[in-house]
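**Q** The chain contents come next:
There are 2 protein chains.
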Amino acid sequence: METVGRLAGVSQVTVSRALNNPKKVSPQTLKRIQDAIAVTGYVPNLVAGALASRRSHLVAALVPSITNIVYSGLMKHFIDVIRASGYHVLMSETGFSQEEEQAIVAALLSRRPDGLLLTGIHHSAGTRRMLLSAGIPVVEIWDITDTPVDICIGFSHIKAGHDVADFARMRGYHRAAAVAANDERALRRKDAFCARFSELTKTDVPEICLDSAASISRGREALARLVAQGFDKGVIFCSSDLLAHGIIIEAQSRHLNVPQDIAVIGFGDQDFSAHTLPPITTVHVDREILGARAADALLSRMNGNDANIRCIDVGFEIIARDSA
Amino acid sequence: METVGRLAGVSQVTVSRALNNPKKVSPQTLKRIQDAIAVTGYVPNLVAGALASRRSHLVAALVPSITNIVYSGLMKHFIDVIRASGYHVLMSETGFSQEEEQAIVAALLSRRPDGLLLTGIHHSAGTRRMLLSAGIPVVEIWDITDTPVDICIGFSHIKAGHDVADFARMRGYHRAAAVAANDERALRRKDAFCARFSELTKTDVPEICLDSAASISRGREALARLVAQGFDKGVIFCSSDLLAHGIIIEAQSRHLNVPQDIAVIGFGDQDFSAHTLPPITTVHVDREILGARAADALLSRMNGNDANIRCIDVGFEIIARDSA
DNA sequence: TTGTAAGCGTTATCAC
DNA sequence: GTGATAACGCTTACAA
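Protein chains in written order, with the numbering used here: chain P, 1 to 324; chain V, 1 to 324.
It is possible that some hints are incorrect.
What the hints assert, rightly or not - Computed from the model, here is a short list of chain V residues facing chain P with C-beta under 10 Å:
| id | residue |
| --- | --- |
| 1 | 51 |
| 2 | 92 |
| 3 | 271 |
What the hints assert, rightly or not - From the structure, some residues in chain V lie toward chain P, with a derived Cβ separation under 8 Å:
| id | residue |
| --- | --- |
| 4 | 27 |
| 5 | 28 |
| 6 | 46 |
| 7 | 75 |
| 8 | 110 |
What the hints assert, rightly or not - Chain V residues, not near chain P, derived (Cβ > 10 Å throughout):
| id | residue |
| --- | --- |
| 9 | 3 |
| 10 | 20 |
| 11 | 76 |
| 12 | 85 |
| 13 | 124 |
| 14 | 133 |
| 15 | 134 |
| 16 | 150 |
| 17 | 169 |
| 18 | 174 |
| 19 | 184 |
| 20 | 225 |
| 21 | 228 |
| 22 | 303 |
| 23 | 318 |
| 24 | 321 |
Calculated directly from the structure, the hints in this document are not laboratory data. Only a predicted model underlies this, so the values are computations on that prediction, with no experimental measurement involved. Where is the CB? At the ideal position from N, CA and C, for every residue including glycine.
Take these sequences, add in the hints, and give me the full structure.
**A** Okay, structure coming up:
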């Protein structure tokens with residue numbers, strides 16, 4: 001800045017102003033400064049700026065998995081909105097572990113982010129303590145609670161599982177099974193589904209809990225296991241459309257008809273779900289809105305609006321297609 | 001640090017040492033300092049540290065799309081290795097656009113990253129200029145060239161397309177078509193495939209270039225278009241396993257047999273590719289090795305090893321399954 | 001509209 | 001082994 005200023009015949013501060021508050025500088029000097037910047041190829045140093053202003057213009061975001069489209073798709077929209085306001089996003093993967101989450105929060109807080117995005121509402125005591133004493137806006141997504149750290153945006157997984165069970169009964173199914181990946185929210189949906197379906201039909205609902213992430217191959221294995229257990233007629237609620245897709249493929253390879261023999265309900269409404277054979281009946285959550293709302297809430301808080309936003313329920317929608 | 005030092009009965013500098021170079025501090029004072037840190041809940045400020053030491057411990061990474069598993073999967077491995085060395089990764093999405101890439105590079109350089117990862121080897125002149133004058137290690141992935149900005153790690157897309165054509169001929173196919181998403185590297189693979197297959201068979205190879213990212217639904221549409229053009233017998237080379245999967249589904253819905261009528265070769269060897277009906281013949285690239293090598297190369301350069309690494313060819317492998 | 005001075009919270013370089 | 005002192009490259013009063 002010193003150099004640029006000398007070249008433009010002004011002091012270093014004026015260069016700073018030209019960059020952050022162009023209106024506060026006369027048009028002529030602004031022009032000279034911009035020329036000087038072009039000539040020197042000056043690149044501002046945001047770390048010095050962050051230190052001086054105590055604003056890093058950095059937002060930290062923690063997701064369970066960056067390769068899972070459900071999370072990466074959401075993050076894409078979140079980042080797009082956040083970036084448009086001049087912030088950068090430091091994204092990290094927690095791998096569904098609270099200890100890992102705590103370690104990452106500690107590391108990220110050293111970067112003095114202006115805001116933080118967390119996935120889910122269950123965090124370790126240590127994490128909550130750090131978050132509170134950091135004194136920055138925090139938004140928790142994908143789930144809702146009455147006691148968020150700061151703001152939460154999501155929907156009720158229990159209601160989702162419950163409603164899917166009602167839907168399945170409405171479609172006339174008398175027997176059901178459930179398959180869930182090793183995701184705490186998926187398990188809550190599954191539990192709510194099983195409880196409600198049992199309640200409605202007085203039947204037992206077999207469950208399969210995976211110890212891994214959802215995938216087509218896990219879906220195939222799950223159906224194989226269910227069939228081996230004698231389940232070859234009824235509806236299966238999956239925690240992910242990937243599992244549902246796998247079940248459809250496995251059913252096909254076993255010459256079981258979907259949905260006549262095995263019906264399938266997925267979760268997530270992924271981009272392929274309307275294009276499989278048959279198309280997948282699923283639960284749709286608007287990830288674009290969820291990501292954008294999270295960004296908006298964070299931006300609003302970071303700009304000092306201590307508005308009374310606490311909890312936003314974005315809801316969900318059951319999309320009836322041909323698989324169930 | 002001042003506060004922590006007072007509590008431990010030492011100066012601020014000693015606290016800094018205890019954190020960065022514990023061996024240079026006597027065991028007793030180290031203990032006192034650690035206790036003081038625990039008591040105060042002190043969180044180091046890395047932005048001040050970065051300013052003073054001129055090392056941000058930050059690595060910037062630019063990928064075309066964060067929702068595409070091909071890129072996010074690679075980044076996962078890259079990030080895992082980089083993080084283990086105490087660096088954080090600032091990941092951004094370029095959307096396959098060079099202008100966007102340049103804008104993002106400019107923005108990220110303000111954060112003074114210690115290293116940079118770029119996807120592909122084609123960048124705007126402005127980007128190259130900024131990169132050069134930034135004077136930091138740069139690694140370009142997914143492709144190889146004799147003239148990298150600094151280091152490149154990948155494989156030859158032309159050779160991949162060429163080899164797939166040879167493979168297809170070897171499997172006995174006399175007619176071929178190609179489908180590619182709007183990714184510059186995908187187009188080069190497609191061109192090489194078409195050229196080689198034409199050369200071998202003296203036949204025309206119809207092509208479909210999408211103006212969007214690969215997906216199952218795009219694959220279905222592509223087969224529909226090819227069939228409409230009269231292509232209902234032969235092998236189709238796709239730029240992604242997602243497209244290949246879509247083609248399999250569309251073939252099934254049209255009662256075309258795979259591979260007897262329509263054979264399909266994908267690209268990427270995604271985790272579902274071995275589990276479709278039939279399993280997808282594809283091109284495998286080891287994303288874990290690619291990501292880890294990129295991280296290693298960057299770390300080594302950032303640690304001052306001006307080793308003579310310039311270009312690493314990680315190769316690829318054609319995985320023969322049942323779809324072709 | 002522009003400039004001066006005092007930080008921001010660390011690390012680097014010395015000296016002790 | 002420890003401490004004083006000077007940066008690091010900006011922003012924020014405040015003054016002119």
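**Q** It remains to establish, for every hint, whether it holds in the given structure.
**A** Results of checking the hints against the structure:
no.	hint	in the structure
1	51	holds, 5 Å
2	92	holds, 8 Å
3	271	holds, 6 Å
4	27	violated, 24 Å
5	28	violated, 26 Å
6	46	holds, 4 Å
7	75	holds, 7 Å
8	110	holds, 4 Å
9	3	holds, 14 Å
10	20	holds, 13 Å
11	76	violated, 5 Å
12	85	holds, 13 Å
13	124	holds, 15 Å
14	133	violated, 6 Å
15	134	violated, 8 Å
16	150	holds, 18 Å
17	169	holds, 30 Å
18	174	holds, 29 Å
19	184	holds, 21 Å
20	225	holds, 15 Å
21	228	holds, 18 Å
22	303	holds, 20 Å
23	318	holds, 21 Å
24	321	holds, 14 Å
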